[in-house]
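Trainee: So the protein sequences, as listed, match chains A and B. For the first sequence, my numbering begins at 1 and goes up steadily by one. For the second sequence, my numbering begins at 1001 and goes up steadily by one.
By construction, these hints were calculated from the structure, which means they are not laboratory data. Just so it is clear, the structure is predicted and the values come from calculations on it, not from any experiment. Positions of the beta carbon are idealized from the N, C-alpha and C atoms, including for glycine. Please note that a few of the clues may not be correct.
[To be verified] Where chain B lies over chain A, by a calculated footprint (3+ residues, C-beta under 8 Å): (1) 69-79; (2) 183-190; (3) 241-254.
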Amino acid sequence: MAWFRKEKKPLKAQNKRDLPADVFEQCPGCGEVLYRERLAKDLRVCSKCGHHLRISAEGYLSILLDAGSLEELDGNLRASDPLEFMDLKAYTNRIVTAESDGSGEAVMTATGRLDGIELAIAAMDFSFIGGSMGSVVGEKIARVSRLALRRCVPLVIISQSGGARMQEGIYSLMQMAKTSTVLARLHEASLPFISVLTNPTTGGITASHSMLGDVNLAEPDALIGFTGPRVIEETIKQELPKGFQRSEFQLEHGMVDLVVDRRDLKKTIALILRHQLAGWPE
Amino acid sequence: MPLEFESGIEGIRVQIDKLLDLADRRGIDVSSEVEVLREKLLEISRQTYENLDAMEQVLVARHPQRPYTLDYIDRICTDWIELHGDRAFRDDQAIVGGWARIRGRTVMVIGHQKGRNMKENLDRNFGMPHPEGYRKALRLLKQAEKFGRPVVTLIDTPGAYPGIGAEERGQGEAIATNLREMARLKTPIVSVIIGEGGSGGALALGVTDRILMLEHSVYSVISPEGCSAILWRSSEHREDAATALQLTARHVLDHGVCDEIIPEPVGGAHSDWDSAAAHLEDALDRVLSELVELTTDELLESRWAKYEAIGTWREA
Ligand SMILES: [Zn+2]
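Looking at chain B on its own, in the form it has when it is part of the complex:
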């Protein structure tokens, strides 16, 4: 299902399909017409995606056809073996993790996982983890440290789940502990915001040596909807909130939090999963190659310096 601002793009796609279908049935050659339409499609896609406003960026980041963690793992990893459970309560499938190789190098990959349909989301909880999900992630982080392997985290969540069980089992404590333990993990860590970087529930996988963001991903302290409800006291100001929060990859880079933006194919990652994955793989391979050269002390010192430098203030 196309988003509202994608209707122009979708219109041309439909035209191309019709033309090809016609050619099939009548046995005529339409290749030159199709070629013209394909160029038009590329151009209008480029224009649309270069001019997205803040809320449209959020909708692209949440696009239901956008590749999720396991889709990327499928495309950039070999020898993947998923590991399950927090050893205390249950296996939270809103977070997946396990060993894999990226261009031959063994890494621990941990990421939020959204469901593609209603049935999957019953298990995946729309990518909103409970405390046990964060504790599974912590267990895998520690395992990577034990064996001296780098960690890649893929971040894509509306946020940590707001529910009774989550609170009873210490949602806050689980996130907090991950922040502290990632800050002192004695192995390289890279995080990539691949879609929605939703608040503390995203950050719980995000205290890392490098923070990369896909071009159309967002990273925010609160959702535009939540911000609208609190600060505008109405649900009708999510566009204003999205703009005010400066949550796009471009903004987060400008504010010095994101280290690098990974380009997406024209029309967004959802229009071409393979190409999106190829860009991601290139970036990860390059960044990991840099980080593994550092000693543990260098790694920790620069990680601490990075986070301790974030902030702006005046002096009275």
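Extracted from the complex, chain A is given alone in its bound form:
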């Protein structure tokens, strides 16, 4: 699978054996050494402990969309540097580095069919500057949402992001308003919006589109929260309980509808969309 080659995590040698990295990969959850081929078949879910290893935007689109139905949108939009932002590194350099990995930005948008249902879809990508939302992410989500409006089809957004793209200053803050505004229009038009929250979904993403689904689905054990755990710990000067801000915590506190195994994601979304809008095949 195409998305599979992006994985760059170095393989740790298990015991005395040196494992060929192109054949094996170790599960970060339980340490089990897994066959890459089997792991790919399992959509990068550990067969032993169920840990969900990170996958790319492209990975989600290939899992969810019917074969051959994907049509990517606005793949040519690239980040600009409106503030000429410079911290320890120039923002333009960060962009160049991120783009050199092959992905254009921190979100990929497309139209396609999911179990035969026409829909518009956006998948965020943590590997591009932490999946952070700047102008391009906001604009691509706005465009794909407007497409859903025009075609009267559902929208699915898979979130995987640390929050706002600080280097774009006020523009990045306003992207939260932008994605929420197009979702307001979808809401007005009674079109379904399914939000899928994956590890991690934090900061401005949690405070905008990712929490606004008619149905919010979370992958198991994903970090989901507004303020990151480190900042909370520093603020309140105490250690956070185990499992704090994980998917199961968010389910318990009523913030997500379901925690769904990645291998069941496609059929779960199809089931919900058929109830909401798409209806049932003859």
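Based on these hints, arrange chain B with the ligand on the given structure of chain A.
Mentor: Just chain B with the ligand, lined up with the frame of chain A:
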């Protein structure tokens, strides 16, 4: 307590006070000397406040003597009645809201409220709301919509509160829902950044038909301190971060997010609350008069167009 860069201003203030005190005790006429000092004070205030760097702007926006939401309501509203609670959990006093009239027109006013001292801040949480604060705001927004009244929001917060309870009760969801619901609220809304526009916690009251900023207010995706910690991996670069973030009213106007800057009295809003409030009242009255002329469709179309246009990108 004056800020560091205000020491020159404060020095002259002290001189004037001493002179007046002396005149009082000795029964002598010092009016001409005082007049000279007052002119000097005005001049040095003007110079200081025209040349603030980015971090100094942030400190002015956070000035402990700066007027807060209730201080403005006191000065520009009549018939104010505060309404409380989110009907689900509790009344979060970091946000206040209620009915009021501005120059005779009924509006719903909602704003962040900081405390003036430690005791007040125990209740107000330094103007950092929990989810129930945003849900109270939402309830009042919906009430304004129900009765076809315009909404004024006054924004002044370091940010939404980062705590365990806030996360348990859905800080992200509360803010997100406000963004979406403000985007489709069928009544005019105006927001004014009166001090600190701190990130998502500020924006949660800020999806509006017009965004006004007081001259020395700031609006930013993250605090300079937070930005320094993350991007410089040190707490010592808040000046660099403040500069890089371009968070002053002037910058936010130049980037097309702020629609209008409301001038402050020389020396900042904290030096003359009445005059700051008068400027605010003028601006609000003018903007509200424009907005109430629009139909609901026109209002929503232009609100959507405004937010959907924000952003910059390249095409590869
Ligand atoms: Zn495992």
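Trainee: Provide an ascending list of the numbers of those earlier hints which the structure does not satisfy.
Mentor: none
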